[in-house]
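Asks: Generate the whole structure from the sequences, applying the supplied hints.
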Amino acid sequence: MAIEFQLDQEQNTARAAKTVQKCCVIVRSDQCIVPQKSGQKTKHNRGPGSAASDRLTFDSTVATCFCNKRILGNTGSKHTGDEAGSRRNESAAAPFNSRAHATFSYPFGFLGNFTVTVSVDISTYNTFPKLLQHNAQTRGAMPSMREKALGIWQTWSWAESAKEIRALACGLKTLGCGPGDKLAIIGDNRPRLYWSMAAAQSIGAIPVAVYQDMVADELGFVLEHAEIRFAIAEDQEQVDKLLMISEGKEPLSGIIYDDPRGMRHYTQDYLNSYDSVIEKGHAYDTANPEFYDQAVAATKSEDASVIAYTSGTTGRPKGVVLSHSNVLKSAYNAAVRENLQETDNILAYLPMAWIGDHIFSYAQSYVVGFCVSCPESPDTVLTDLRELGPSYFFAPPTIYENLLTTVMIRIEDASWIKRKMFHYFMEVARRCGPKILDGEPVSFLDRILFWLGNILVVGPLKNTLGLSRVRLGYTAGEAIGPDIFNFYRGLGLNLKQLYGSTEASVFVTIQPDGEIKPDTVGTPAPEVELKIAENGEVLFRSPGVFQEYYKNPEATAETKTADGWVHTGDAGFIGDDGHLRIIDRAKDVGKLNNGSLFPPKYIENKLKFFPTISEAVTFGDGQDYVSAFINIDLNAVGNWAEKQAIPYASYQELAGNPAVYDMIAEQIAQVNADLTKEENMAGSQIHRFLILSKELDADDGELTRTRKVRRNVVADRYKVLIDALFSDQTRCDFETQVTFEDGRTDTVKAEIEVRTVPLIDTGAASMNRHAAE
Amino acid sequence: MSAALEKTLPPAQDRVFDEVLLSVEDISLSFGGVKALNGVSFDIRKGEVRAIIGPNGAGKSSMLNVINGFYHPNAGSITYKGTKRPKMRPDQSAKQGIARTFQNIALFRGMTTLDNIMTGRNTKMRRNFLWQALHWGPAKAEEIEHRAVVEKVIDFLEIQAIRKTPVGRLPYGLQKRVELGRALAAEPDLLLLDEPMAGMNSEEKEDMCRFILDVNDEFGTTIALIEHDMSVVMDISDRVVVLDYGRKIGDGTPDDIRGNQEVIDAYLGVSHD
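Protein chains in written order, with the numbering used here: chain A, 1 to 773; chain B, 774 to 1046.
Calculated directly from the structure, the hints in this document are not laboratory data.
Accuracy of the hints is not assured; some may be wrong.
[To be verified] With beta-carbon atoms standing in for the labels, derived distance ranges:
#1 G972/B to Q670/A: 42 to 50 Å
#2 R942/B to I448/A: 53 to 61 Å
#3 H282/A to T892/B: 54 to 62 Å
#4 A914/B to A645/A: 50 to 58 Å
#5 W904/B to D746/A: 42 to 50 Å
#6 L907/B to M244/A: 36 to 44 Å
#7 G993/B to D746/A: 33 to 41 Å
#8 R942/B to Q154/A: 27 to 35 Å
#9 R707/A to T892/B: 37 to 45 Å
#10 K643/A to G972/B: 23 to 31 Å
#11 N635/A to G972/B: 21 to 29 Å
#12 I411/A to K860/B: 54 to 62 Å
#13 E653/A to L907/B: 21 to 29 Å
Cβ atoms here follow ideal geometry from the backbone N, Cα and C, with glycine treated the same way.
Replies: Below, the structure written as structure tokens:
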């Protein structure tokens, strides 16, 4: 009977069939296919009773090897034909543990992977601690976690991680942590902090990761609201924050710290070093060997597995309670749909408190078995990315934008010939790259040029960025500019958008391969139902839907209906192609006085597509015209200013420079031109704008920790400027308070210019202008 | 310094130092007609942070150079770790556990941070030039050991991100940190710092102070530093020596010095409100 290989969805079927036949197939196994270069048949011995000729046959996306041997190890070698070996599940339908890994190259330099879809039975291993034990048994030698320490990458296998987690779990027990207790996790991405999540879950406790850059006040709120008694902190800085918060209050029952530097003179007895907790854990485990296994067996899939506090754009953060089943199912479904493999690897650099990191770097790693790598420090992320060459990558649009801006800036400084080559081949890549990725027809000449470009420019560029091996790149959270999107797809990076939220355990929609467009967020993920309410709000229902908002039944009732549908708060619509398109936050969509629709985020995204504009806030609800606050991007505008020989000594000075205003005004005019071309949007053109002298900052409460604008805070604090925008002032004096990172505050004064941009004349626009005058 | 910093050290009164690590007696040094040092005597106790202050031209750097073995005094003696030192060369001084940084940074500009700090391990390397050039067997094993120590220093100073950057391209503050790293790599008993905070803004100064205190606390290294920033000196040093025109005019705890009239006249000045 046959074991089927699922070919990577990147290749289209006919091409794949042809190329696999021509290539050299090396299968990791001690019992399967013998590699032969450019052979059309690959022979392998199958031992007694097997047929004389064996072939790889191709049928659509499936390559069938007529072999019933379990395929496991590495380096193609002769099929030894051990009939007594495992006769694992023969059809692809039933889950099986076999995995085959083959790499082959086909023309034009792409490397393709095909492997068996990794499946694990998540109805038996229905909680993360159980999955961990399963992984330790079935893939104990494979890497699970890496960290760069002392300049070299240290690796822990699944078996080693499981042992550490076992000791840590027992150690937590000795500190008094038990079922229902919450463990706060605060620090940068470190293997020990990830292990503490599994350790807590093993004994029935609930991990609550918090943002490491929170100020004491925000952190205090979360600690109190979630009734947190235990915490694991990365280093002295975080421990100090925790101590500062509990001053005058009942201290935490136990704080574990990872990095012992600076901790020698602390006398509090509830402070424990990580190593001491592991020691105590070992001792406890030896004395009570059944404790851990029993605790793990007792975990149930409906139990809460994590509480993730959303950074609220309005009001205080809410604690989203997710069960093991929520997170597991969501992670599993997405992994199956995207064909994740245990040989993938990912760099964990996004905050652990963010649900996306929890799914990618924790849940999916446990489900699929791939390795998660932690960078050496936040400063070294880009170098570590390059060293690692991950195959699975997620970044919010700003990071992709920043990368692109850095590349563009550095190209400007390169020699003439390099610049020419870069622009030429990037143009070729932009033209053909997305088409090749999607499997669409491309002319022969273009293919040659693309291949050449790959060798000369694109390949080395991807290598410098560390993105050479990315098979799957996601972006989410904000809309991404079509130029940027196409740039990366032109590089050959399979970049796609996804849409989701903490309340959904991340995945609501994912863009399927072959149907990638910059303005959609994709089709519903497996087992996700989607519907659009009458007022345009998007609702979803899925097995990943959260249990409740912790201690907040009113908010839960508001968001989740009785039959399990969740209000996302986003306005959107589903196009003819079945793809969801998001317009804006439903609450923020407003109306101008002349009746035109005003979707602030839509306009702001268009503005932010320019590399010079890092953030924009628009106003117009109940007004005669739309006006905007602009934050310039220091990197991009600074570079531009240097080229124009415009001197500046600070962000404030650059932001006030009239030449910069001219440049921004031009870009706004472009946006206005775009808006007139779209239905119903002509009335939303931006008429007046100003450039803020200080960047909007999360420390000042103007942005959330995930960098989304808090509109009411901004509207409140900058009221003076907003009034100036809707009058005919050309200058406005402004004073505001800033908060430094250590909590001190200070006042900043500025005189800000307000500029008017002529509206483009369509019927609606002239109505606006009359109203304004 | 901040409250958190105060927590990490036992209170100042409890810091008592008995054992004398280095003492200089009656040191005089002249360059032709210029008398740089004139009969200066003081001691540095094991485990303390000793500051040497004074107006420009007072002879502070010269004092450090004498301790280092770079200059040989015309008169006077130096006793280090209980034994009187005869005329010593800087490399002999280094081998005995004295490391230093320089006022104007003396790093190898074309080499990376990692390589620069590795040079600090030079005194500990046993294999000679030929072995190291071949990079074979024992030399390789030795380099791996030394590399581990250097990586720990890099981790301690939080400069992982610039590990492979040529030092000439780094900003001034980071270069100073790398130099400190090179001195630390030698695992010294006595660390001489020549104006470590010069040219830094307040944030960088606080960082540097933190590192200096951590070195003193974690490794127990004795530190002698020349510094002009009075707030730094008063905050982190245990005892202070004041020089003026080559002569010692004050010696004691920061509080003693603050009240010493001669020191105030020569250097500290009076605030006119």
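Asks: Can you name, in rising order, the numbers of the hints this structure does not satisfy?
Replies: 2, 3, 5, 6 and 13
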